[in-house]
Amino acid sequence: MLPMCPDYGNRFDRLLWQAYLSANKIFADKIMEVINPEDDYVWVHDYHLMVLPTFLRKRFHRVKLGFFLHSPFPSSEIYRTLPVRDEILKALLNADLIGFHTFDYARHFLSCCSRMLGLDYESKRGHIGLDYFGRTVYIKILPVGIHMGRLQSALDHPSSSTKVKEIVERFNGRKLIVGVDDMDIFKGISLKLLAMEQLLHQNPELRGKVVLVQIVNPARSTGRGVQEAKRETYEITKRINDTFGFPGYEPVVLIDRRVPFYEKTAYYALAECCIVNAVRDGMNLVPYKYIVCRQGTSKMDEALEIASASPRMSMLVVSEFIGCSPSLSGAIRVNPWDVDAVADAVNMAITMPDLEKQLRHEKHYRYVSSHDVAYWACSFMQDLERACKEHYSKLCWGIGFGLSFRILSLSPSFRKLSIDHIVSAYERTCRRAIFLDYDGTIVPHASIIKSPSPEVISVLNNLCSDPKNTVFIVSGRGQNSLSDWFAQCENLGIAAEHGYFIRWSRLSDWETIPHAADFDWKKIAEPVMKLYMEATDGSYIEPKESALVWHHQDADPDFGSCQAKELLDHLENVLANEPVVVKRGHQIVEVKPQGVTKGFVAEKILSNMTSNEKPPDFVLCIGDDRSDEDMFESISNTAYRSSLPVSPEIFACTVGQKPSKAKYYLDDTVEILTLLQGLAAASSSKSRSNTETQVSFESSV
169 MLPMCPDYGN RFDRLLWQAY LSANKIFADK IMEVINPEDD YVWVHDYHLM
219 VLPTFLRKRF HRVKLGFFLH SPFPSSEIYR TLPVRDEILK ALLNADLIGF
269 HTFDYARHFL SCCSRMLGLD YESKRGHIGL DYFGRTVYIK ILPVGIHMGR
319 LQSALDHPSS STKVKEIVER FNGRKLIVGV DDMDIFKGIS LKLLAMEQLL
369 HQNPELRGKV VLVQIVNPAR STGRGVQEAK RETYEITKRI NDTFGFPGYE
419 PVVLIDRRVP FYEKTAYYAL AECCIVNAVR DGMNLVPYKY IVCRQGTSKM
469 DEALEIASAS PRMSMLVVSE FIGCSPSLSG AIRVNPWDVD AVADAVNMAI
519 TMPDLEKQLR HEKHYRYVSS HDVAYWACSF MQDLERACKE HYSKLCWGIG
569 FGLSFRILSL SPSFRKLSID HIVSAYERTC RRAIFLDYDG TIVPHASIIK
619 SPSPEVISVL NNLCSDPKNT VFIVSGRGQN SLSDWFAQCE NLGIAAEHGY
669 FIRWSRLSDW ETIPHAADFD WKKIAEPVMK LYMEATDGSY IEPKESALVW
719 HHQDADPDFG SCQAKELLDH LENVLANEPV VVKRGHQIVE VKPQGVTKGF
769 VAEKILSNMT SNEKPPDFVL CIGDDRSDED MFESISNTAY RSSLPVSPEI
819 FACTVGQKPS KAKYYLDDTV EILTLLQGLA AASSSKSRSN TETQVSFESS
869 V
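Counting the sequence shown from 1 gives a position; our numbering is that position plus 168.
Do not take every clue at face value.
Derived lysine to any residue pairs resembling SDA-like cross-links, with alpha carbons at most 25 Å apart [stated by the list, open to error]:
(1) 198 to 255
(2) 712 to 798
(3) 198 to 226
Since the hints were made in silico from the structure, they are not lab data.
Throw the hints in and build the complete structure from the sequences for me.
Below is the structure:
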């Protein structure tokens with residue numbers, strides 16, 4: 169991805185990318201031939217098939233789909249250099265469950281989703297979930313295990329016993345250190361050999377007593393890098409053997425051929441220490457295999473001529489850059505680039521007291537034997553079933569073209585609000601409550617001009633002129649801005665700062681929530697917010713009369729999100745005894761008095777109407793963001809209140825097709841204005857009809 173020299177400057181080949189897509193399509197065709205999409209589960213493995221989820225999801229929207237990445241996921245700084253970065257991320261997000269070996273790999277993936285797609289994640293009942301167009305894409309972190317039965321069968325194979333006896337005879341009591349790696353530039357074989365050289369140089373007493381057996385698996389690819397790694401490996405091996413060897417003793421035994429599995433198990437069973445020194449790798453199960461082989465079986469014990477009840481010991485020196493490292497708490501972890509530290513770690517491993525080796529081995533064996541490949545597969549499938557259980561409880565639409573295809577998943581009751589339907593309900597009711605959000609609802613978010621248009625003012629005045637209507641603007645904006653913008657609307661109610669300030673009409677006074685009048689907490693919260701603002705470039709504080717808001721939409725996405733979590737924790741701690749709520753919204757952290765929500769505003773207004781013997785029989789609420797969800801929930805609950813003589817017509821409407829507590833949606837502010845104009849026209853026609861009836865009656869008299 170990052171060219172190391174000018175020769176590699178043009179690494180991305182569009183033709184090879186097209187070939188990759190074609191290969192994935194072939195897999196998709198074959199899968200759709202053999203599965204029953206309604207009953208079967210599809211589990212896709214590794215980077216070779218990263219775009220397969222999109223091809224499968226296109227063909228069947230409710231396919232039950234899991235993906236597991238067996239390789240490291242690069243950090244966002246590396247991944248962002250990939251020309252097809254968005255296509256791959258979106259393809260993976262078409263799976264229901266995405267698995268990684270370690271949290272580091274998952275963290276890199278989540279960081280890329282945040283930086284490049286603007287997605288946030290949260291932990292839901294112990295599971296990490298990404299909300300992606302109404303679907304929750306779950307993230308699973310579980311390292312793969314080994315096949316215990318297959319390995320134990322290899323240990324019991326007669327060839328293994330024979331090989332063990334040959335190795336014992338050949339090395340004549342010397343301590344064996346084993347390494348098994350592919351011939352690859354990332355496996356760190358040369359660094360391992362340099363550490364062995366340093367070990368023998370610093371500890372002359374180990375010469376003649378310690379042997380490193382390095383088994384080199386055939387290279388999976390060819391190229392200059394592999395050839396250079398091979399040449400370097402042979403050069404260092406020769407130098408070590410020439411310097412520290414003598415007749416009958418070679419410090420390094422390099423086995424560069426295809427080694428049968430039984431032979432590897434024999435070396436594992438005899439080695440006092442196993443070293444895995446990769447500079448970058450996936451899971452790497454060599455340490456697991458080594459631990460199981462050191463535990464042995466009854467037949468292997470016979471070959472080694474040891475009692476079955478004798479204590480078992482093993483020692484591991486593992487690179488901190490391999491996937492299995494976090495799972496092996498008893499291993500000695502090293503930075504493979506620090507040759508001196510690796511040499512010291514190997515020395516520590518082979519000279520450690522037997523009791524310590526035994527305790528570490530027991531800990532590792534308990535984990536490896538209980539977290540084998542069967543456990544890993546069962547755990548993944550259980551989580552995949554859980555992730556797919558709501559597939560048929562929602563409506564699904566496919567949107568987007570090519571690799572940008574995704575599924576929009578919504579509640580079955582969620583539908584577009586019909587103007588004819590709501591106008592009909594509007595005309596047959598006479599005590600109406602209408603709640604309207606401001607930004608993103610009657611004024612577009614993208615608009616540079618934040619004041620309402622003349623059309624909005626006109627339609628609000630028409631609605632407010634109908635005595636059957638109680639109309640409120642409910643916004644997070646301050647009272648001064650809203651007062652200025654709606655100065656022409658005499659009968660319009662306004663709830664500012666999410667309802668901390670309420671005004672029933674232009675001529676009435678502002679009311680506040682009585683129990684939220686203490687703002688001493690600002691003296692505590694503001695200095696903390698300033699610290700984070702100064703430490704986070706692009707962030708700023710928005711002071712309100714009733715609240716403080718820290719914005720980070722202009723900061724680095726990853727760092728801003730991280731700082732927001734830290735600030736949230738910090739504020740919750742220092743304000744624990746204050747009458748406030750600390751909430752994290754979309755790219756904000758807000759501190760406001762307890763009980764101040766848009767839902768509280770709706771409840772207060774509806775209760776006031778009921779107490780004035782005008783219980784509402786029609787409630788319309790339109791909003792576009794998270795703060796409006798409280799309002800949707802509140803007005804929906806009014807339908808079940810026993811205090812209301814008749815259940816009202818409830819219309820909770822969000823802006824855009826997205827997951828919401830609202831049952832209806834309209835696409836944009838233009839459609840909302842059209843809806844309001846339709847309601848206003850219904851009021852006007854009713855008013856004219858009443859006037860004409862009255863005139864006709866007077867004439868007849």
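Evaluation of the provided hints:
Distance check on the hinted pair: residue 198 and residue 255 sit about 22 Å apart at the alpha-carbon level, within 25 Å; holds. Distance check on the hinted pair: residue 712 and residue 798 sit about 21 Å apart at the alpha-carbon level, within 25 Å; holds. Under the criterion of a C-alpha separation no larger than 25 Å, the hint pairing residue 198 with residue 226 is consistent with the structure, at around 15 Å.
Hint check: no violations occur; every hint is consistent with the structure.
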